[in-house]
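Work the whole structure out from these sequences, hints included.
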Amino acid sequence: MSSTQEIDLWSPFTSDILLEVRTGVMKKMPGLEVTSGIDKSLREGPVYVTSLGLELDEHDPTFHGGPDKAIHGYCSSHYPGWRKEYPTAADRFKPGAFGENFVTKHMNERNVCIGDIIHVGDEVVLQVSLPRQPCYKLNHRFQLKNFAPKTFETSRTGWYYRVLKGGKVKAGNEIRLIERKWPKWTIERIQEYLHRSQNDLASNEELAAIEELGKECRGAFQRRVAKAQAQEKRTKGDDVWRDFKIVEKTTQTPRISSFVLEAVNMREDPGDLKPGAHAKLKLPNGLLRSYSIVSGDRNKFELGIALNDSSRGGSRYLHESMAVGDVLRVGRITTDVKMSSASSNHVFIVGGIGVTAFLALAEGYHDIHYNFEMHYAVRSANDIPFQSRLEVFGRSVRLPHSATMSSAESQQDGFITLPVKLPALASCLITALHEIRVRRNTPKIPTEIDDRSLFLKNVPVDSTEAHFRQVFAALIGPGRFESIAFEDERKTVTAIDPAQAVKVTGFGKKRKRDEQEAEARAMEEEVARLPDIWTRRLRKSGSSAIVLLADEKSVDLVMRAIKKANKSKKFPVWGDGVSDDLPELGSQWISAHIQLARCDKAATQKSVHAFFNVFNRKEKEAAEWAKRLRNEPDEDGFVTVVRGGRVAPANKNEAEEARQKMVDKAEKKKSETTDFYRFQLRECRKAEQAALMKRFDED
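Here the UniProt record's numbering is used: the first residue of the sequence shown is 1, the next is one more, and so on.
One thing to keep in mind: the hints can contain errors.
Said to hold, decoys possible - Calculated pairs, DSSO-like style, for lysine-lysine (alpha carbon to alpha carbon, straight line, at most 27 Å):
| hint | residue 1 | residue 2 |
| --- | --- | --- |
| 1 | LYS150 | LYS274 |
| 2 | LYS145 | LYS165 |
| 3 | LYS170 | LYS27 |
| 4 | LYS567 | LYS421 |
| 5 | LYS150 | LYS165 |
| 6 | LYS421 | LYS564 |
| 7 | LYS563 | LYS457 |
| 8 | LYS457 | LYS569 |
| 9 | LYS245 | LYS282 |
| 10 | LYS280 | LYS245 |
| 11 | LYS27 | LYS563 |
| 12 | LYS27 | LYS150 |
| 13 | LYS150 | LYS168 |
| 14 | LYS137 | LYS84 |
Unchecked claim - Pairwise CB distance ranges (calculated):
| hint | residue 1 | residue 2 | range |
| --- | --- | --- | --- |
| 15 | ASP551 | GLY351 | 45 to 53 Å |
| 16 | LEU164 | SER11 | 19 to 27 Å |
| 17 | MET662 | LYS569 | 53 to 61 Å |
| 18 | PRO443 | GLY65 | 45 to 53 Å |
| 19 | ASP551 | ASP269 | 44 to 52 Å |
| 20 | PRO254 | HIS609 | 54 to 62 Å |
| 21 | LYS181 | ASP269 | 22 to 30 Å |
| 22 | ARG329 | THR442 | 22 to 30 Å |
| 23 | ILE17 | ARG92 | 45 to 53 Å |
| 24 | ASP8 | LYS181 | 53 to 61 Å |
| 25 | PRO443 | ARG92 | 17 to 25 Å |
| 26 | ALA377 | PRO183 | 51 to 59 Å |
| 27 | PRO149 | SER15 | 26 to 34 Å |
| 28 | MET29 | ALA228 | 18 to 26 Å |
In short, the hints are calculated from the structure, not lab data.
Bear in mind that the values here come from a model prediction, so they are computed numbers and not experimental data.
Glycine included, every Cβ here is placed at the ideal spot set by N, Cα and C.
Structure representation (C-alpha cells):
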C-alpha cells in the first residue's frame with residue numbers, strides 16, 4: 001500500500017485503486033464535550049453502500065452525512081508532506097486520520113473535478129459533490145493549534161461523493177472515471193474561490209450555476225452573488241424601503257419590549273438571515289435607527305428594543321407611540337458577525353440589550369453542539385429579556401451572582417418553564433409572557449395518583465380549570481387533562497390527607513384523640529373562612545396548583561411538549577377559546593355578581609369573629625410551642641410540659657448527646673449481661689470438676 005515512488009498530484013486521473021475502506025461510530029472526542037465519527041476503522045471484505053454512505057458508518061448530522069456527503073475520499077499521498085511539516089505530530093498522520101472512508105493514492109484535489117462520475121468495482125456508481133469543509137475538530141484530532149485552516153489553504157482537505165447507484169465495495173476495487181462534465185472546476189480550483197479569492201464575481205456566478213455542486217458550497221456562492229448585486233443597487237442609490245406592520249408587541253422586562261414586524265408585501269423567497277443581522281428602520285417621526293434582529297427572515301422578524309434613559313426619540317417613540325397594527329419602513333438588513341468554525345470554544349461577553357445581537361448566533365452554536373459560554377451582565381434579575389430562550393443554554397450562560405435567572409429554581413428543583421402568551425386586550429394592546437413552573441408531583445406523603453399528576457407554581461391570577469384545560473390541550477391535545485386543584489381549594493380539604501390517615505390509624509387507639517382534634521380544627525377553620533366575592537375566587541400570581549392527567553404517559557408527553565415549545569417558541573395562548581364558555585353579561589350574571597359583592601352583614605360579621613377566634617387560638621398555640629422548645633421556666637421556676645413533655649431534644653448538640661447516652665447504656669447492659677453469663681458458666685465448670693474429683697476419690 002505504501003510506496004517510495006512519489007506521485008505526481010497534477011497528472012490527470014482516469015483510474016485508481018481503492019486502497020482502504022473505513023467506517024466508524026460516533027464517540028466522544030478527548031478533551032471535548034462533543035461526539036464525532038472521525039475515528040474510522042479499517043474494514044475487511046465487502047462493505048455495502050447506500051444512498052447515505054457506507055453500512056455501519058456514523059456521522060455527526062450537524063455538518064456531515066446526508067446525500068451530498070455520503071462518502072469522504074482522501075489522498076494518502078498527502079500524509080508524507082504533513083509528516084514533514086509537523087514532525088512533532090508525525091505519528092498521527094496516517095491513512096484514516098482525516099476521517100476518510102475511501103483511501104486512494106493518485107486521486108486528489110488537483111485532478112478530481114466537481115460532478116465527476118466514477119465506477120467503483122462492479123456495482124457502485126458515485127459522483128463528486130463537494131470539497132470537504134474542515135472544522136475545529138481537526139485541531140483536536142492532530143493536537144495542533146490552527147491546523148484546520150492549513151488544510152484548505154493548501155487544498156488537502158479531501159472531497160465528498162454522492163451515491164448514484166448502491167452496491168458492494170472492498171479494498172482493491174478499481175476506480176474508473178466514466179464521465180466528466182466540468183473539467184475546468186477541480187476541487188483545488190473551487191477552493192481557490194471558496195476560501196482564497198472570494199471577491200471574484202464572475203467565478204462566483206459561474207459556480208453558483210453548477211447544479212452538481214452540493215448545496216453547502218453552491219449556497220455560499222449564491223449568497224455572494226446576491227450580496228454583490230445588492231451592493232451594486234445601493235451604490236446606484238436604488239436602496240429599497242419596504243413597509244412592515246407591527247403584528248406583536250411583547251413586554252420582556254419593565255424597560256425592554258420585543259416587536260414582531262411583518263412585511264405588508266411578502267417576497268416569494270425571503271431568504272434566511274445570518275446570525276447577527278440588524279435592520280434599519282425609518283420611524284414615522286423621521287428618525288433613522290438600526291436594531292439587532294433576534295430571529296426571523298426578510299418577510300417577518302423580531303426585534304428587541306430597550307427604552308434608553310436618555311432617549312432622543314428612537315426607543316422612546318417605539319415604546320410609547322408605536323402599537324400593534326402600526327406601519328413603519330424598513331431598509332437594509334445587513335450582518336457583520338461571522339461564525340468561526342475553526343474554534344473549539346466560543347466566548348460571548350454581553351451586556352443588557354446587547355444580547356439581541358448574539359442570541360441567534362448562540363442558538364446556532366447550541367444547535368450544532370459547539371462549546372460556548374456567554375458571560376451576561378445585566379442591571380438586575382428583572383432586566384433579562386428573552387429568558388425562555390436563554391434558559392435552553394443551561395450552564396453555558398453565566399450571570400453575576402446578584403442577577404440569576406428565574407430558571408435557577410427550575411434547574412435545582414426539577415422545574416421547567418412553561419411560558420404562556422397573555423394576549424392583548426382592548427384596554428391594553430401589549431402582549432406579554434407569563435412563566436408557569438412545572439414539575440412532576442412528588443409530595444412528602446406519596447399517593448396513588450402521583451405518577452400521573454404535575455405540580456405547578458406561579459399560577460396566573462385569573463386561573464380557572466377551563467384555562468388550564470385549554471393550555472394542556474394546546475400542548476398534547478384534548479382528552480388527557482382530567483382536573484386541577486388550586487392552592488386555596490386544596491387548603492379546604494380535611495386537615496389529614498387520605499394517605500396520611502391510613503398511616504395514622506395504624507398507630508393504635510392512643511392516636512384517635514389526635515385525629516378527632518385535627519378534624520375538629522379543620523371544621524373550625526372552614527367555618528372561619530372569609531366569604532368569597534365576585535364570580536371567581538381571588539388568587540395571586542405565584543400560587544400553586546396540582547394537575548391530574550389521564551395516565552403517566554400523559555405526564556411524559558407534557559414535559560416533552562413544554563421543552564419543544566421552549567425550543568420552537570410556539571407557546572399556548574392564555575384564554576384562547578375559554579371566553580366563550582364564561583357566562584355573558586346578562587341579568588342573571590349581574591344579579592349573582594351583586595349578591596356576591598354585597599354579602600349579608602350578619603353573616604359577614606359572624607365569619608369575621610370566627611376567623612379571629614381561630615387566629616387567636618393559633619397564636620396562643622404557637623407561643624406555647626415556642627416556649628416549650630426553649631425550655632423556659634415560669635415565675636415559679638417550673639418548665640411547662642405539654643402531653644408528656646419534649647419528645648426530642650431542642651437542638652442538634654443535645655440530640656447527639658442523647659443518642660450517645662443511649663448507645664453507651666446499651667453497650668453497658670450488654671457487657672453486664674455477658675459478664676453474668678460468663679460467671680454462671682464458670683460456676684458450672686467448678687461444680688463439674690468437684691463432682692469428678694469426688695468420683696475419683698471414691699474409686
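Handout entry: Straight-line alpha-carbon gap LYS150 to LYS168, limit 27 Å
Key = Violated, because 34 Å separates the two Cα atoms, which is more than 27 Å.
Practice task
Using the Cβ atoms, figure out if PRO443 sits within 17 to 25 Å of ARG92.
Solution key: 57 Å, violated
Exercise for the section: Measure nothing beyond the straight line between the CA atoms of LYS457 and LYS569; if it is 27 Å or shorter, mark the hint as holding. Expected result: 21 Å, holds
Practice task
Could you tell me whether the CB distance from PRO254 to HIS609 stays inside 54 to 62 Å?
Solution key: 43 Å, violated
Exercise for the section: With a cut-off of 27 Å on the C-alpha distance, tell me whether LYS145 and LYS165 pass. Expected result: 40 Å, violated
Practice task
Given the hint that LYS150 pairs with LYS165, test it: the Cα-Cα distance must not exceed 27 Å.
Solution key: Violated, at about 34 Å.
Exercise for the section: Could you check the hint for me, namely that PRO149 and SER15 are 26 to 34 Å apart, CB to CB? Expected result: With a Cβ separation near 33 Å, PRO149 and SER15 satisfy 26 to 34 Å, so the hint holds.
Handout entry: 45 to 53 Å as the expected CB spacing between ARG92 and ILE17, which holds or is violated
Key = At 25 Å between Cβs, range violated.
Handout entry: Proposed proximity, LYS421 with LYS567 (alpha carbon, max 27 Å)
Key = Distance ~15 Å between LYS567 and LYS421 Cα, so the pair holds.
Practice task
Just tell me: holds or violated, for the beta carbon distance of LYS181 and ASP269 against 22 to 30 Å?
Solution key: Once the Cβ atoms are compared, 27 Å apart, the range 22 to 30 Å for ASP269 and LYS181 holds.
Problem - Distance restraint evaluation - LEU164, SER11, Cβ atoms, bounds 19 to 27 Å - result: 26 Å, holds
Exercise for the section: Measure nothing beyond the straight line between the CA atoms of LYS137 and LYS84; if it is 27 Å or shorter, mark the hint as holding. Expected result: Holds, because 21 Å separates the two Cα atoms, which is no more than 27 Å.
Checked against the numbered hints listed earlier, the structure breaks hints 2, 5, 13, 20, 22, 23, 24, 25, 28; every other hint is satisfied.
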